[in-house]
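Please arrange chain B on chain A, whose structure you already have, making use of the hints.
If you're matching them up, the sequences are chains A and B in order.
Numbering of the first sequence is given in my numbering, commencing with residue 1 and proceeding in unit increments.
Numbering of the second sequence is given in my numbering, commencing with residue 1001 and proceeding in unit increments.
Honestly, the hints are just simulated from the structure, not real lab data.
Using N, Cα and C, we set each Cβ at its ideal position, and we do this for glycine too.
Relax, there's no trap hidden among the hints.
Which residues of chain A face chain B? A few of them, derived with a C-beta cut under 10 Å, are:
1) Arg182
2) Leu183
3) Ser184
4) Ser186
5) Lys190
Here are the simulated DSS-like pairs of lysine-lysine, each with C-alpha atoms no more than 27 Å apart in a straight line:
6) Lys1002(B) - Lys1101(B)
7) Lys1220(B) - Lys1237(B)
8) Lys1027(B) - Lys1002(B)
9) Lys202(A) - Lys1360(B)
10) Lys1326(B) - Lys202(A)
11) Lys223(A) - Lys23(A)
12) Lys223(A) - Lys1360(B)
13) Lys1034(B) - Lys1104(B)
14) Lys264(A) - Lys342(A)
15) Lys1326(B) - Lys223(A)
16) Lys1362(B) - Lys202(A)
17) Lys264(A) - Lys343(A)
18) Lys1113(B) - Lys1033(B)
19) Lys1360(B) - Lys1441(B)
20) Lys1034(B) - Lys1102(B)
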Amino acid sequence: MAEPIIMPRQGQSVESCILTEWKVNVGDQVAEGDVLAVIETDKASFDLESTAAGTVLALFWEADDDVPVLANVAVVGNDGEDVEEFRPDNGSATSAPEPVAAEVPSSAPQVTEAPASASSESAVAPFSGSTIATGGVSAGVSPRARKLALRHGLDPETLEGTGPNGRVIERDVEAVISGRPRLSASAISKARDGLEAPIRGKGLAGMALASDMREPGAIEGAKVEPVKGIRKLVAERMIQSLQTSAQLTLNTHFELTAAQAYRKERVEAGKSKISINDLIAYAQIQALGAHPEMNAHFLGNRFAVFEKVHLGIAVDSPRGLMVPVVKEASELSLEALSAEIKKLAIACREGTIQPDDLSGGSCTLTNLGMLGVSTFTPVLNVPEVAILGVGGIELKPKRLESGEIEYAEFLPLSLTIDHQAVDGAPAARFLQTLVSQLEENPGQPLSITNE
Amino acid sequence: MKYDFAVIGAGPAGYIAAKKAASAGKKVLLVEKKKLGGVCLNEGCVPSKTLLQAAKTYRHAKHGSIFGVEVEGIRFDFPKAHQHKNNVMNKMRDGIAGLMKKYKVDVVEGEAKLLPNFQIEIEGETHETTDILLCTGSSPAIPPIPGVDLEHVVDSTGILDRESLPNHLVVVGGGVIGCEFACMYASVGVQVTVLEAMPEICPNLDPEVSASLREGLAKKGVNFNLGAKVQSISADKVSYADDSGSNELEADLVLVATGRRPNTKNLGLEELGLDIDDRGGVRVDNRGATNIPGLWAAGDVTGQAWLAHAASRMAEVVVNNITGRKDHMRYDSMPAVVYTSPEVAVVGLTKEEAEARGIKVKVGRIPMAINARYIAENPDETGFCKVILEADTRKLLGVHMVGGACSEMIFGATAMLETELREEEIEEIVFPHPTTSEIIKDVFMAVR
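Looking at chain A on its own, in the form it has when it is part of the complex (with noise of 0.2 Å):
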């Protein structure tokens, strides 16, 4: 029995995802929870499974289709059976080729046309409906071939069609128009598997061969990839970040001693391990309660200050960056926020987290230390006015009060903010409590440390 497979909702606030890349096609056989196709919104991307067992019947939608939530994008069912009740309204089906006789062009001169009318405008006439005249079995030109043929003065039948079957599509007429090279036999049939000649090929007098072919957009020496999924969503958000920021960094460091004592302190007590960089996360948001305009997105016109710490941690995933939040950080006691930021980080890395866990910080960490950085400039993640990056331990000669001098390990910050609407010093002061909390008071609250 056929059934429809629809686009799953990706939390409260998607109406729509992009369907990125289709891994099926129709005819293949599918398992439940086998991936059909890689979906994205604008947070991530994801895979979208198999609700059902069998044949890909039909595949509704294209890559790069923008699909509204809940709509219908492919069905699996078996052989023969009939997918047109599932098919979505606006989906251009890709589950039949179009007829071929569907080809011949409405617009072309008829061949039954009067000579006499030759006087008219229709210069390129010569070679109208020569498909019949050829006579031969022909997999006929696309609509679009034939137009761009005729404004450019081509015979679109006269051209080598690398489409299906041989039919002469776009691309060929492009390839005349643009002087691409002759293609050798070898070179056409990888012409009709999707590949393109270079501007000139090795053969004779540049002849395209079969070993000159190579994927639409390719680069000889380079192996070239499309920009798609979450990559493309990190470059955007980057360059926009870059480009709708002023952004500025400062940087210090703190010295671990303390918090390395109380990471042992709680082990021999026997409690939850605790690490470095839950404790850099919970002196953040401790600070950013005693500085809220580091606490805030800004919004051109608008500032927003918020009440709460939403923690964004920035999480090294085998898709890319992704960047989960820690919602209401600011409620939650060390031990549960070192709880929540392991689970999203796991979620991140095996690709189950939800699109709602991935928006809505409110201010950012990030943590290149354990990758042997000593300290980088942390790009904000806009609208958030402030970012903060940790390096990797230092060991650095300290002065103690008897003036002798020892060697202590020291870990480097980079806080980048958004000079639009945070100033230097407020952020060195942010930077100062921020400091002073893990240098004195590591994994305590703020209030406490302050009576």
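Just chain B, lined up with the frame of chain A:
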């Protein structure tokens, strides 16, 4: 004198390059120290083919009875054959001289020495040029065998001047040159023995082709001793060692045909810092460019291909690049021929070469004896045609033929390779009937 393009060596690379560059409007200097036409015309291709044709004509006359042609009193007049050879060479040389005159190429006789800053010294006179094409060819490589400098020991150049037939010719080296002379001498009744150090003659060819050629020549009376390493040559004997130990052969003429080496000496190349590879060839890229911008090389001097037609093509590629047309060498579709009887003609990859590149192949092979024209004209010859196809696309990768005058039809296979035809397209080509060339169409029936 100031030139655009100076060509050193007037062989099949040099005169082609000179003509082509001149016709593109370049002011061209062509330097030759011996004779126009190079080794090809004066010491190689052309004279050897003329003598081979003489020998073939004699053999046809002698063995004409199968066709009902009975001839008595047949005699081979070797000096007369040489006269024909010399006539052909003179005619061709005149042709080249006329061509150079027509295209206003300055031809200078003498030895060239390259000086810094693209200056060339010839017999005390210095010329300047923008580009230089080095195409000085190659010379026979003579191995250090004791006795190799005796009077009756000749190389492929020296044997062409011998106007008397020996009783027993021993050919050291069963490569293309050795096989051609062995065939020629055996055809006119000389006892011929080929000593080849490797386990098979012409080891660069498809192994089946080499074996078939050896069998075909054996039928013409050529003896082959394979795996035979020549140790010394005396006034009347050649000593060699093989699996059975040391042996001796009587010989009153010994041809040493153990390969060739590029001519790179006394040209000033070392002083210029020209990159020369381990085997003595001038290192070039696939456009013929050396490590010195503006200094190009083509033909045997590069140590690549060792074929006159490859040299001409390399020269064309160089001139195209100089005159602004992109071009490069495609060695995978370079045909090669052995002008013996039967002839060998090959182009493209062998099965072994394709597999070494990781290509899955299909092979088809049929005997020449299925071809009507072939058996009508070559009743006593064997031979075959073999094709190599890429397994999944059925694209033609190589054609290997032994038999008849297959050198005349290999260009068809070359065109198919250059245009990457597949079985599907080749099936639609019409071959005239009856011709031996039909074998190239019919062989696809045998592909599996």
